[in-house]
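Letter by letter, the chains look like this.
Number of protein chains: 2
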Amino acid sequence: MRLVNLSAGPSALPLPVLQRLKDGVLEYDNSSVGIFELGHRTKLFEKLLEETKVKIKTLLKISDDFEVLFCTGGATQQFSMIPLNVGVPLNVSKSKDLPAGYIVSGHWARLATDEAIKFRKVEILATSEDANYSRLPHYSSDRDDLSYIHFTSNNTIFGTQFQKEPEVSSLVPLICDASSDIFSRPIDSAKYSLIYAGAQKNLGTAGVTIVITRKSILDDNSDLPVSMNYQTYIKSKSNFNTPPVSTIVSVYEILRWIEEEGGVAEMEKRSHLRSKEVYQALDEVDAFIPFAEKSSRSNMNITFTGQNKEIEAKFINFAYKSGFMGIEGHRMVGGLRASFYNAISLEDASSFAQCIRDFSKIV
Amino acid sequence: MRLVNLSAGPSALPLPVLQRLKDGVLEYDNSSVGIFELGHRTKLFEKLLEETKVKIKTLLKISDDFEVLFCTGGATQQFSMIPLNVGVPLNVSKSKDLPAGYIVSGHWARLATDEAIKFRKVEILATSEDANYSRLPHYSSDRDDLSYIHFTSNNTIFGTQFQKEPEVSSLVPLICDASSDIFSRPIDSAKYSLIYAGAQKNLGTAGVTIVITRKSILDDNSDLPVSMNYQTYIKSKSNFNTPPVSTIVSVYEILRWIEEEGGVAEMEKRSHLRSKEVYQALDEVDAFIPFAEKSSRSNMNITFTGQNKEIEAKFINFAYKSGFMGIEGHRMVGGLRASFYNAISLEDASSFAQCIRDFSKIV
Chain D
1 MRLVNLSAGP SALPLPVLQR LKDGVLEYDN SSVGIFELGH RTKLFEKLLE
51 ETKVKIKTLL KISDDFEVLF CTGGATQQFS MIPLNVGVPL NVSKSKDLPA
101 GYIVSGHWAR LATDEAIKFR KVEILATSED ANYSRLPHYS SDRDDLSYIH
151 FTSNNTIFGT QFQKEPEVSS LVPLICDASS DIFSRPIDSA KYSLIYAGAQ
201 KNLGTAGVTI VITRKSILDD NSDLPVSMNY QTYIKSKSNF NTPPVSTIVS
251 VYEILRWIEE EGGVAEMEKR SHLRSKEVYQ ALDEVDAFIP FAEKSSRSNM
301 NITFTGQNKE IEAKFINFAY KSGFMGIEGH RMVGGLRASF YNAISLEDAS
351 SFAQCIRDFS KIV
Chain Z
1 MRLVNLSAGP SALPLPVLQR LKDGVLEYDN SSVGIFELGH RTKLFEKLLE
51 ETKVKIKTLL KISDDFEVLF CTGGATQQFS MIPLNVGVPL NVSKSKDLPA
101 GYIVSGHWAR LATDEAIKFR KVEILATSED ANYSRLPHYS SDRDDLSYIH
151 FTSNNTIFGT QFQKEPEVSS LVPLICDASS DIFSRPIDSA KYSLIYAGAQ
201 KNLGTAGVTI VITRKSILDD NSDLPVSMNY QTYIKSKSNF NTPPVSTIVS
251 VYEILRWIEE EGGVAEMEKR SHLRSKEVYQ ALDEVDAFIP FAEKSSRSNM
301 NITFTGQNKE IEAKFINFAY KSGFMGIEGH RMVGGLRASF YNAISLEDAS
351 SFAQCIRDFS KIV
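These protein sequence lines are chains D and Z, in that order.
Residue numbers for the first sequence follow this note's numbering, so the first one is 1 and each next one is one higher.
Residue numbers for the second sequence follow this note's numbering, so the first one is 1 and each next one is one higher.
Same shape as in the complex, but just chain D:
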């Protein structure tokens, strides 16, 4: 029996999308073959790949200054590709050796920083490590002596989320790991130079990473491994070797669904309503303590702890019996975490809030 899947990713997909994928396993879109068998050089797939790009650009209002690329290796591979590929902005010619600035708001931001240190000079601009990442670090500066600035918009593990991008000099390319909140809200894409996201949360199934990048910020270094060079993806339209076809089909179907539901503005509205309900319940009851500071709270991942470990274990069990799964905290931090990506309905969020209240009465 299907349960409401509140795990942090890979996570729930909307039922209409699953139905289309299911229908497509034996034959997808009159292609005579199924999704898992679809060739990457077929007209159908080449068209779908282009349409997926167009949908991404249209939904997020991305200008034609950007390329949309489909990479593999998750966000982790981007942690390496970014420092290896992003050049020094032409309009900041002070030095080839300008540091890349990193805002460290959580575990993944830290890993991105550590990886960049392997390949170029790095400066940590702000960190909330001392607060165990329970709040967002603050950065606002017109410094232009940086080759780029990297931040993570939503911290899946700690449950914090930037509601607005950091204020940075317009001369410095802003780069964002949006793996866990892309397509949950509109973005002001003009402020960004590169946005990347693993698909396995709001955007599809695990196995593909979307990279939206200004071509102008990229070097062209042919000494890089072929699959680590953004130019490979640009030149081949992300089809230089066999890409993860069925995973890209799932992204396409998710984007279709987001369009049909009203786009990212609607996704944002729902996301606020869902998280408001759940935070309200958590703030009301005594059994649980929300982890993230109020001003830093994420609309995607809601982190909290029980008064003790026993209560946490009891609640996991109670929630499971009420039809919810996947609420164990990340193995690094423990506690509890309920994730509300696009596929989770308002009704399910309300029921989960009620589940918190019901539990607090009997514990």
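Just to be clear, a hint being listed does not mean it is correct.
[What the hints assert, rightly or not] Chain D side only, calculated, beta carbon under 7 Å to chain Z, not exhaustive:
| # | residue |
| --- | --- |
| 1 | N5 |
| 2 | K22 |
| 3 | V25 |
| 4 | L26 |
| 5 | F36 |
| 6 | T76 |
| 7 | K118 |
| 8 | Q200 |
| 9 | V226 |
| 10 | T242 |
| 11 | P244 |
| 12 | T247 |
| 13 | M325 |
[To be verified] Straight-line distance between alpha carbons at most 20 Å, and here's what the computed SDA-like set of lysine to any residue pairs gives:
| # | chain 1 | residue 1 | chain 2 | residue 2 |
| --- | --- | --- | --- | --- |
| 14 | Z | K118 | D | N221 |
| 15 | D | K121 | Z | D223 |
| 16 | D | K43 | Z | N317 |
| 17 | D | K118 | Z | F119 |
| 18 | Z | K22 | D | D23 |
[Said to hold, decoys possible] Using C-beta positions, here's what the derived DEER-type ranges look like:
| # | chain 1 | residue 1 | chain 2 | residue 2 | range |
| --- | --- | --- | --- | --- | --- |
| 19 | Z | E50 | D | L15 | 28 to 38 Å |
| 20 | D | D219 | Z | S322 | 49 to 59 Å |
| 21 | Z | Q354 | D | S216 | 51 to 61 Å |
| 22 | D | L15 | Z | D29 | 13 to 23 Å |
| 23 | D | L15 | Z | H138 | 56 to 66 Å |
| 24 | Z | E261 | D | D23 | 23 to 33 Å |
| 25 | D | S140 | Z | R2 | 53 to 63 Å |
| 26 | D | Q163 | Z | N317 | 55 to 65 Å |
| 27 | Z | R2 | D | K61 | 35 to 45 Å |
| 28 | D | Y320 | Z | S236 | 23 to 33 Å |
Source of the hints: derived by calculation from the structure; they are not laboratory data.
Heads up, the beta-carbon is just placed ideally off N, CA and C, and yes, glycines get one too.
Place chain Z on chain D using the hints.
Just chain Z now, kept in the frame of chain D:
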């Protein structure tokens, strides 16, 4: 309507596997979630990942000296990872700078060679480029002054296949790109040090690459990008970040099916029967000219040309009407190519042979 899919990959999956995948889209194996939603830290997936490794090792009789890894980025990423990760064998201490030997039997072997040249000294040991790769190059030597030897067991584009691995010194690690014939026959794994294969032919859907490697041949260079370092995959059991879960599920289901059908010896038997039928028809008729030299012929990809381009176009159309698709040659070489991976039945191969004969009578 489903057609018999003779394309070179991504390619046909067996119907019983498709049925299991289809059944699993809404809920896979009582997990309460579907294949596309399955978490990489769930007990079910961790167990499935381990069982997939065990099945690979059991089916191919791989000893415990080897690790089985699940990478992304296709064979292309392996073209870089191999020269970046394989060390110099300890028992050949002549020089840190021993060249890596490449046997160039086709387009992909050439790309593997070009990529390796970026990262270390390379020597081309044999090539059949002068014959437009219509035959296999010959290499047999007890040279031990090489850091490793790389060859491609089956050449998907040109339709040639090594029926036996090249004879090399036991002191030199032998590395094989088996992307298009892995699991189509038994292998003498003791002769190999590393075997890799994109899944999208005999082994599943596109999006994961299997690497079977002796741990002893690998360096541990922490300066490499995380996702380019085999040690990352070894230490994390291929689960350091979100792997392509649904693709790995498809590999698992294919391996189950291969077991149920009788293992790789049975796959080899079928593969010989299929290709024999089709080559026989091609050799009989006047309309077509087989591309590969007889002694180099592949059991996986059967390449041929028509007496002229018009005949080729007519045959593609004729075959389509007879229920076969995907027989256009690779865009680099043109002509025709029919691929017979594990999922194609003997009956379908016989019908295709008949289709060749029928066509030759009317053309």
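Cross-check of the supplied hints:
The criterion of a C-beta within 7 Å of any C-beta in chain Z is met by D:N5, whose closest approach is roughly 5 Å, and the hint holds. This hint holds: D:K22 has a C-beta 4 Å from the nearest C-beta of chain Z, less than the 7 Å allowed. Annotation: interface hint on D:V25 holds; nearest CB of chain Z at approximately 4 Å, less than 7 Å. Because the closest C-beta pair between D:L26 and chain Z is about 6 Å apart, less than 7 Å, the hint holds.
Because the closest C-beta pair between D:F36 and chain Z is about 4 Å apart, less than 7 Å, the hint holds. Taken as an interface hint, D:T76 checks out: its beta carbon lies about 4 Å from the nearest beta carbon of chain Z, inside 7 Å. Evaluation of the D:K118 hint against chain Z yields a held restraint, the C-beta minimum of about 6 Å falling below 7 Å. Interface restraint check for D:Q200: the shortest CB-CB distance to chain Z comes to about 5 Å, inside 7 Å, so the restraint holds.
Interface restraint check: D:V226 against chain Z, minimum CB-CB distance 6 Å, threshold 7 Å, status holds. For D:T242, the suggested interface contact is upheld, since its CB lies about 5 Å from the closest CB of chain Z, less than 7 Å. Contact between D:P244 and chain Z, as hinted, is supported at the beta carbon level, the nearest pair being about 3 Å apart and thus within 7 Å. The beta carbon of D:T247 comes within 6 Å of a beta carbon in chain Z, closer than 7 Å, and the hint placing it at the interface holds.
Given hint, D:M325 at the interface with chain Z, holds; its Cβ is 6 Å from that chain's nearest Cβ, closer than 7 Å. As the CA atoms of Z:K118 and D:N221 are separated by approximately 12 Å, the hinted pair is consistent with the 20 Å bound. At roughly 14 Å between alpha-carbon atoms, D:K121 and Z:D223 fall within 20 Å of each other, so this suggested pair holds. With a CA separation close to 16 Å, the supplied pair D:K43 and Z:N317 stays within the 20 Å bound.
A threshold of 20 Å between alpha carbons decides the hint, and for D:K118 with Z:F119 the separation of about 17 Å falls inside it, so the pair holds. Distance hint between Z:K22 and D:D23 is fulfilled; the C-alpha atoms sit about 8 Å from each other, no more than 20 Å. Checked against the given bound of 28 to 38 Å, the beta carbons of Z:E50 and D:L15, roughly 31 Å apart, stay inside it. Distance hint for D:D219 and Z:S322: a CB-CB separation of about 51 Å, consistent with the stated range 49 to 59 Å.
For the hinted restraint 51 to 61 Å between Z:Q354 and D:S216, the CB-CB distance of approximately 57 Å keeps it satisfied. Roughly 19 Å separates the CB atoms of D:L15 and Z:D29, a value that falls within the hinted 13 to 23 Å. Roughly 58 Å separates the CB atoms of D:L15 and Z:H138, a value that falls within the hinted 56 to 66 Å. Distance hint check for Z:E261 and D:D23: the Cβ-Cβ separation is about 27 Å, which falls inside the suggested range of 23 to 33 Å.
A hinted range of 53 to 63 Å holds for the C-beta pair D:S140 and Z:R2, which are about 58 Å apart. Restraint check, D:Q163 to Z:N317: a C-beta distance of roughly 58 Å satisfies the suggested window 55 to 65 Å. Checked against the given bound of 35 to 45 Å, the beta carbons of Z:R2 and D:K61, roughly 40 Å apart, stay inside it. In this structure the supplied range 23 to 33 Å holds for D:Y320 paired with Z:S236, their Cβ-Cβ distance being about 28 Å.
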